[in-house]
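Colleague: Read top to bottom, the protein sequences are chains A and B. Going by the working numbering, the first sequence opens with residue 485, and the numbers climb by one from there. Going by the working numbering, the second sequence opens with residue 26, and the numbers climb by one from there.
Keep in mind the hints are simulated off the structure, nothing from the lab. The C-beta atom is built at its ideal place from N, Cα and C for all residues, glycine as well. Treat each hint with caution, since some may be false.
[Stated by the list, open to error] Rough simulated footprint, nothing fancy, chain B against chain A, three-plus residues with beta-carbon under 8 Å:
id: 1; region: 896 to 910
id: 2; region: 919 to 926
[Stated by the list, open to error] Taking beta-carbon pairs under 7 Å as the criterion, some of the chain A residues facing chain B (in silico):
id: 3; residue: N622
id: 4; residue: G645
id: 5; residue: Q646
id: 6; residue: L647
id: 7; residue: S738
id: 8; residue: L740
id: 9; residue: A744
id: 10; residue: N759
id: 11; residue: A763
id: 12; residue: H852
id: 13; residue: T1084
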Amino acid sequence: MPKPATPQRNTDARHGTTYLWTTAIAALFALLCVTGVAMMTVYSPSVATAWASVFYIQDQMTTGWLVRGLHRFASDGLIVVCTGYVLHRILTRRYAPPRTRQWWLALGFLQLAMGAALTGALLNWDQKAYWGTTVRVNIASLVPVVGHELRTLILGGPELGQLTLTRFFTLHVAVLPLLFYLALRARHRDAAGLCKPCGEAPDRTRTEPHDGRIRVRAYRGAVRLMVVIGCFTAAIYSQYAMGDAHLHAPADASALDYPARPEWFNLFLFQWLKNFTTADAEVLGAIIIPGILSAMLTVLPWCPRLLTKRLGHALATAFVLSLLAATAYLTVTAVQDDMPPSEARLASVREKETQKITLTSRESRDLHAHEFQIKLKRAAFEANRAMALARLHGVPPEGPLTLMHSDPDVQGPRLFAAHCASCHRYDGHDGLGLTPGTPATSSDLAGFGTRDWIRAFLENPMANTHFGLMKKPDGSPAHTRMKKWTNGQREDASSDADREALRASFDAVSAYLADEAVQPGRLAANKETGDLLSRGRAYFMSTCNECHTYRGEQEGTRHAPEMFGYGSVAWIEGMIAQPDHETRYRNKGRQPAQMPRFETTITPEQITLLARWLHDSAAKSTSTAQD
Amino acid sequence: MVNLLSRNRTQMTRRSLFQWLAYTFHGAAGLIVGAPLVRFFLGKRPERKSAATFQRIAPLSVTSTDQPVRITVSADRTDAFTHYPPGPIGVVWLVRNQDLGGAGQVRCFQSVCPHLGCAIDFASERGVFFCPCHASEFAPDGSQNFGPSPRGMDELPCRLSEPDDNGERWVEVTYQEFRTGTKEPIPTV
Chain A
485 MPKPATPQRN TDARHGTTYL WTTAIAALFA LLCVTGVAMM TVYSPSVATA WASVFYIQDQ
545 MTTGWLVRGL HRFASDGLIV VCTGYVLHRI LTRRYAPPRT RQWWLALGFL QLAMGAALTG
605 ALLNWDQKAY WGTTVRVNIA SLVPVVGHEL RTLILGGPEL GQLTLTRFFT LHVAVLPLLF
665 YLALRARHRD AAGLCKPCGE APDRTRTEPH DGRIRVRAYR GAVRLMVVIG CFTAAIYSQY
725 AMGDAHLHAP ADASALDYPA RPEWFNLFLF QWLKNFTTAD AEVLGAIIIP GILSAMLTVL
785 PWCPRLLTKR LGHALATAFV LSLLAATAYL TVTAVQDDMP PSEARLASVR EKETQKITLT
845 SRESRDLHAH EFQIKLKRAA FEANRAMALA RLHGVPPEGP LTLMHSDPDV QGPRLFAAHC
905 ASCHRYDGHD GLGLTPGTPA TSSDLAGFGT RDWIRAFLEN PMANTHFGLM KKPDGSPAHT
965 RMKKWTNGQR EDASSDADRE ALRASFDAVS AYLADEAVQP GRLAANKETG DLLSRGRAYF
1025 MSTCNECHTY RGEQEGTRHA PEMFGYGSVA WIEGMIAQPD HETRYRNKGR QPAQMPRFET
1085 TITPEQITLL ARWLHDSAAK STSTAQD
Chain B
26 MVNLLSRNRT QMTRRSLFQW LAYTFHGAAG LIVGAPLVRF FLGKRPERKS AATFQRIAPL
86 SVTSTDQPVR ITVSADRTDA FTHYPPGPIG VVWLVRNQDL GGAGQVRCFQ SVCPHLGCAI
146 DFASERGVFF CPCHASEFAP DGSQNFGPSP RGMDELPCRL SEPDDNGERW VEVTYQEFRT
206 GTKEPIPTV
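Model the full assembly from the supplied sequences, consistent with the hints where possible.
Modeller: Structure follows, in structure tokens:
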């Protein structure tokens, strides 16, 4: 007859600290269920409404951001804790028979946690979700033989769409949580069952009260409670430390410039796959090797049995630890690869590239990282813009893309990069932040039509930001007449007083023309009042009007572009549509327009978006400068 | 099951008979629900896709020899239970050759990366097509420079129309998408 104290101690030894891990898992799972069900009361899984409903939770509902944030960080936490649990089982040798099933359940927890995170990510129906899921599903389609059918099964059709969303929704809110619950329950039962061999008798057969037992229970209960509170606090603290759970711009299959990266717990796979650069190797790297490693993890419990017990344990532990180390290493390098290179380094790599010297892989990585960071900034801008638009206008029934596609701040830079940046620049870049490889051949349009822009132009029309880069077909500078005129004016001003007066006139006419860009014709009707704007207007009518028409009228005979509403949306629209129009740069004379007509190239709506962006962004830059 | 196999099969007891019957009926019940469910998830769905024919996507004047232009292709489409009026269905790149002599002076490339389906962008800084996800790089003629893509960019059938009333010629393209990760382009639909 064994002493009653012995089995008790054994039970303790068997349990150890495992219960802390499972308590944390259960706590986070409960938190996910509660916040998840709360969000289900709002979320609407359709491609037109998914993003809008998440936006509504995140931005419009009281504490919606908190509930969504808790859900998100609890999900991250669950993956971390499940990994810790797997590790704990290995390090404390709790994976071999009779605990085989427990080991599998631990692996199952981790799989389910990641599966839930991945299916949940798509529910945002934002850019990150869309492109991330596209890549993940296409990786699944690499599975030999049934890959394509598997892809169709996951997507619910030939491409990512409505049925993908509803399938992922069902998996996320019903199937995976149910499996997780069943796994938790099975683990609980197994854990209880494993105590039986210790010889512990059920309570009712005990003849004497067992104070130690009760004390242990009370102690454990207290620790469990602390773990639960700790998990909840950690989730809240993550939200505080890392900011809100992000919502990116709505999913847009036609936006090609989104810099997609996987979820953080998949970065190691992403980095790993960089080593496999042919189609056959890719199957090896994405499917076969991970498959073998997973299979090895699954059969790990038999490792000590096949070899000697000690050697087997050592090997199994080494295997899991090296997997973990490799994962950590790959994750860190994945993040490092995307870090922006220093300015000096970027300059030296660019220099090498212009000299057509083959770049090392590190150098091309630097270039890619640079582009990636710029696109990341742009994506962040679009995310904020999407939220701002949704706040301002509400999301229409067709979905949030309508907002994005009709917004000048979103589409303007894209159109500029696509159609204008082969000649023009915007603040030195292509509108989206990148610098085209071919040099600019025309003006820099950032701030076009503002006072500063016009004033700089009058100071030196042939500056590189204005007419300086424009060349006639024979290579000589184009549009030199303006330069001749300003030079002439300066030469005429002989005394200091004259020069001062000319500067004042240029200041005034710049201010006046900048006003034309905002309110065309406002000052034409006004009587002269002697302030800056009306002085500018007077100077324009007396001097500039010799060449530049105003509403088609002019004093002199030489031709230069119309100045009514110069820099306004309508003026820019006209310039984009027909640069060779009579009121712009004409198609005849000594210096005909070199810019092609865009009225046939892009739609009138696109021209308006472009013009509005150029105009509004210029106006904004002025107002911030004045503030 | 174990019981049945361990016994002498010629001697079927009443118990084993009932056990077999139970398995059979459970199986039948499972089949009644399971078979339609399998079809529910794997079966074909009614497809309403616009026939793959040449459609005008852009006037020739849009294209430039300097750099590829990206064109959003519009058509009506069906996604599950929603039929959408004409709208963006995909993006293609139009590349115009230097010489404007012969036919085929404009080539059209799918923007979906043949590797894993990210969008190929034109990296104007370097003058190459570039997929930002896994760094596949393609030359302006669509051929692969390097990177993990199993093939070059997918080229779409492309032709030029006769000049219209305004003397404008149009680029006509048959829009298609292809499977990712295969060496040869296989249309998805």
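Colleague: Are the hints correct? Go through all of them and say.
Modeller: Going down the list of hints, with the structure as the test:
Closer than 8 Å: that is the beta-carbon criterion, and the region 896 to 910 of chain A has 5 residues meeting it against chain B, so the requirement of 3 holds. For a cut-off of 8 Å, the count of residues in the region 919 to 926 of chain A with a CB near a CB of chain B stands at 4, and the three-residue condition holds. Because the beta carbon of A/N622 sits about 4 Å from the nearest beta carbon in chain B, less than 7 Å, this interface hint is met. Given the 7 Å rule on beta carbons, the hint for A/G645 holds: about 4 Å separates it from the nearest Cβ of chain B.
Taken as an interface hint, A/Q646 checks out: its beta carbon lies about 4 Å from the nearest beta carbon of chain B, inside 7 Å. Checking A/L647 against chain B by beta carbon gives a least distance of about 5 Å; that is within 7 Å, so the hint holds. The interface hint given for A/S738 holds, since its Cβ lies 4 Å from the closest Cβ of chain B, which is under the 7 Å cut-off. Satisfaction of the interface hint for A/L740 is found here, the shortest Cβ-Cβ separation to chain B being roughly 4 Å, below the 7 Å cut-off.
For the restraint placing A/A744 at the interface with chain B, the shortest Cβ-Cβ distance is roughly 5 Å, inside the 7 Å limit, so the hint holds. The criterion of a C-beta within 7 Å of any C-beta in chain B is not met by A/N759, whose closest approach is roughly 9 Å, and the hint is violated. For A/A763, the shortest C-beta to C-beta distance to chain B is roughly 3 Å, which falls under 7 Å, so the interface hint holds. Restraint check, A/H852 versus chain B: the minimum CB separation of about 6 Å is within 7 Å; hint holds.
Of the supplied interface hints, the one on A/T1084 holds, with its beta-carbon coming within about 5 Å of a beta-carbon of chain B, less than 7 Å.
The structure shown violates just one earlier hint, number 10.
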